[in-house]
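Whenever a hint applies, use it, and build me the whole structure from the sequences.
Residue numbers (my numbering), protein chains in the order written: chain A, 537 to 753; chain B, 783 to 1260.
Treat the hints with care, since some could be wrong.
To be verified - Below, simulated EDC-like cross-link-like pairs (lysine to aspartate or glutamate); rule was C-alpha separation at most 16 Å, straight line:
1. LYS1130/B to GLU1205/B
2. LYS1064/B to ASP747/A
3. LYS926/B to ASP651/A
4. LYS1064/B to ASP753/A
5. LYS926/B to ASP746/A
6. LYS926/B to ASP708/A
7. LYS1064/B to ASP1212/B
Said to hold, decoys possible - Listed below are several chain A residues computed to face chain B (Cβ distance under 10 Å; list not exhaustive):
8. GLY616
9. LEU653
10. ALA700
11. VAL702
Source of the hints: derived by calculation from the structure; they are not laboratory data. Note that the Cβ used here is the ideal one computed from N, Cα and C, for glycine as well.
Each chain, letter by letter, is given below.
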Amino acid sequence: MNASLTSGFVTTAVGILLLTAVLQTWRRSAAGSVRLLVVQGLALAALVAALGASRGDVELLAVAGIIALVKAGVLPWALGRTATGRIVERDNAVRPAVGLLGATVLTMFAYAVSDPLRGGDQSAAARAIPAGVALVLIGFWILLTRHSAVGQLVGFVVLDNGIAMVAFLTSDGLPLTVELGATLDVLLVVVILRALTTRMRNTHGGTSVDDLTELRD
Amino acid sequence: MAAMLWLPVLVPTVLGALVAWRHSDAYARYVPLVAALAILGIGIALVAKGQVVTSSVLRADAAASYVLLCVGAVAVVALWGGLSNPPLGGRGDALICAFLAAMSLAVLSDNLGVMWVAVEATTIATAFLVGHAGTRGATEAAWKYVVLGSVGVAIAFLGIVLVYASSRTGGSPTLSWVALVSGTVPLSPHLARVGVALAVLGFATKAGLAPMHSWLPDAHSQAPAPVSGLMSGVLLSVAMYAILRIQAVAAAHIGVGLVHGLLLTFGLLSLAVAAFLTLTQKDYKRLLAYSSIEHMGVIALGVGSGTTLGLVAALLHMLGHGVVKAAMFVLAGRVLAITGSSRIAQVKGLLARRPDLGWPFVAGTAALLGFPPFVTFFTEVAVLIALAESGLWWAVGGAAALLLITFIGIARQVLSMTAGAPEPQPDAPDHPLVHDTPSLRATAPAAIAMTAGAVVSFLSLVFVPVLGAAAAALGVSR
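Below is the structure:
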């Protein structure tokens, strides 16, 4: 793949990743959030595939396939099963305008502080690193502002996508064993949290983390 | 010898799989204990051998061997003692085996990425153990534990990713700890600095250091007693061990000022949180959890002092605190079983009512408070001296004052539980009452742990060379 085509692919994928993260702060329905995660997972896989194709790296292409399978397939499927449960998810998050504003400020902040991570590299991949940092920060923002269990899970996944993005953009990803281990760990964490969400619904009658007030000092 | 390195990971994995496969077996309860004994045995063998053993991604230097010994010793105390606590069922026993395997892998891994995967796996293995009771409180604790634990460890992952990226300047990026500390791989300083800071911050969350500690009292108070013992006694130490590994990478490239500054801050904050929340604590399992935050604070201060004395004291403190805290959680679990309440106010006259629980509880409290002859006394004094040696007088003053407040808080609460005449059983216990009769067999693990906590102090001839070698392996030689 030639350089300008790669650059185009990378830039488009990064744009979609950032857009889907920002839209998450505006979305309130669990089902909508999960659909956005599917798009984000596919964009991440496309980004990795573009990097792999430009370097002729078969291992990266394989990793892209795994990412597409896990982040756009298994993970949203596991999440979606709670999202379509009988009880409508109540999410008394901050107002959408505040959510969007927060995401914008964090994105600008990420671009302002990410220079040391680029180390003077001017390639399309290096220029996209701040977007990965922005995803990490927006993931935190979602964790802080969304109060339903599924909302928090979405925040965790966005945070993790951001970390994966930084990993691929700064160093073409980690060694394959570590990459696989990390993907499996994140998947298991989401499955466990999903199971706990079901249990929370049984014990607390809902899945708002605001109801978790039993334990305090 | 090299193949033996895989045993602490494989033995618990295989045993856990067997228990999960046929969990109706009456012997399933003993299986995690067998795994723990295997880890302890290999830990002792590696420490005794005193040489670096390498096998593929696993590597045991003096530090790893010693921490593996700690994992084994604490696990034996928690699981042997835990036999007198209510059983966890086959799935619980299998998860404990997975937990032990993950901790062993984290300790023995040479690759920082594999170490991270293993630390995250400990969260996964313990999630359902924390929520085992299935009550509102247990579900809440498990949720907070998994969310905060995973986010914290995710930050550490970002840090490790950046350290890996920073090693690209040398042409061949690596996550091998040996390569990173050898100095043969150049690191780009900007990236390495950000990476190290994030990794320390992330693992400090898992180590329960304030201000990222909020999950710890909930998780440790809601988990079944042996699991609390394992988490407080050794999982926190494994996370601290990860910080020690990161510190060594920092020492080889960008200097340790940043890491030590962070650890001193977290250490003092942890002591402060423990000091003020033990004073007003109403739940004795949470009291023990806050005591763990205090002790992790002491360890962080020891490492943060930047001296060999401080690091050696911190490592010895891990063992001393670990075995005693594991025994204390098991005892607390039995007190909960006979009184039906984890509230301090509901437990009175334990010494008169159940001397077989009361006396070990008092002895363990003395160890946690740092009374001589327990090793915690010597290590806490050594940490204060190490801080003074480094000229950190503000830290010495702050730590001494906060330790004193914690002392008052814990001593007051435990005295109110143990002294005096026993009160009649409350009408409606919060927890089901479980039959628990005094027996030598049930008290033996706690007694042995307390004795070990005291005897270790006098085995300095054995331990100091090991710990000195561990400090050298971790790149501290001041």
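Open item on the list: Checking one constraint from the list: CA of LYS926/B to CA of ASP708/A, max 16 Å. Satisfied?
Closed with: violated, 33 Å
ask   = LYS1130/B and GLU1205/B: Cα distance at most 16 Å?
value = Answer holds: LYS1130/B to GLU1205/B is near 6 Å, not above 16 Å.
Discussion item. Is the interface hint satisfied for LEU653/A? The criterion is a beta-carbon contact with chain B at less than 10 Å.
Written reply: holds, 6 Å
Note to self: Given the hinted pair LYS926/B and ASP746/A, is their Cα-Cα distance within 16 Å?
What the structure shows: Between LYS926/B and ASP746/A the Cα gap is close to 12 Å, so the pair holds against 16 Å.
Quick check on the hint: VAL702/A CB to chain B CB, less than 10 Å? holds, 6 Å
Practice prompt. Assess, step by step, whether the Cα of LYS1064/B is no farther than 16 Å from the Cα of ASP747/A, and give holds or violated.
Written response: Given that 16 Å is the threshold and the Cα spacing comes to 22 Å, the pair is violated.
Legend entry - Straight-line alpha-carbon gap LYS1064/B to ASP1212/B, limit 16 Å: It holds: about 14 Å lies between the C-alpha atoms, which stays within 16 Å.
**OP:** Take the C-alpha atoms of LYS1064/B and ASP753/A, compute the straight-line distance between them, and say whether it is at most 16 Å.
**Re:** holds, 8 Å
Can GLY616/A be said to touch chain B, with a Cβ gap under 10 Å? violated, 19 Å
*asked:* Using the nearest Cβ pair, does ALA700/A come within less than 10 Å of chain B?
replied: ALA700/A check passes; min Cβ-Cβ to chain B is 9 Å, inside 10 Å.
task = Decide if the proposed pair is consistent with the structure: LYS926/B and ASP651/A, CA atoms, cutoff 16 Å inclusive.
result = violated, 34 Å
Checked against the numbered hints listed earlier, the structure breaks hints 2, 3, 6, 8; every other hint is satisfied.
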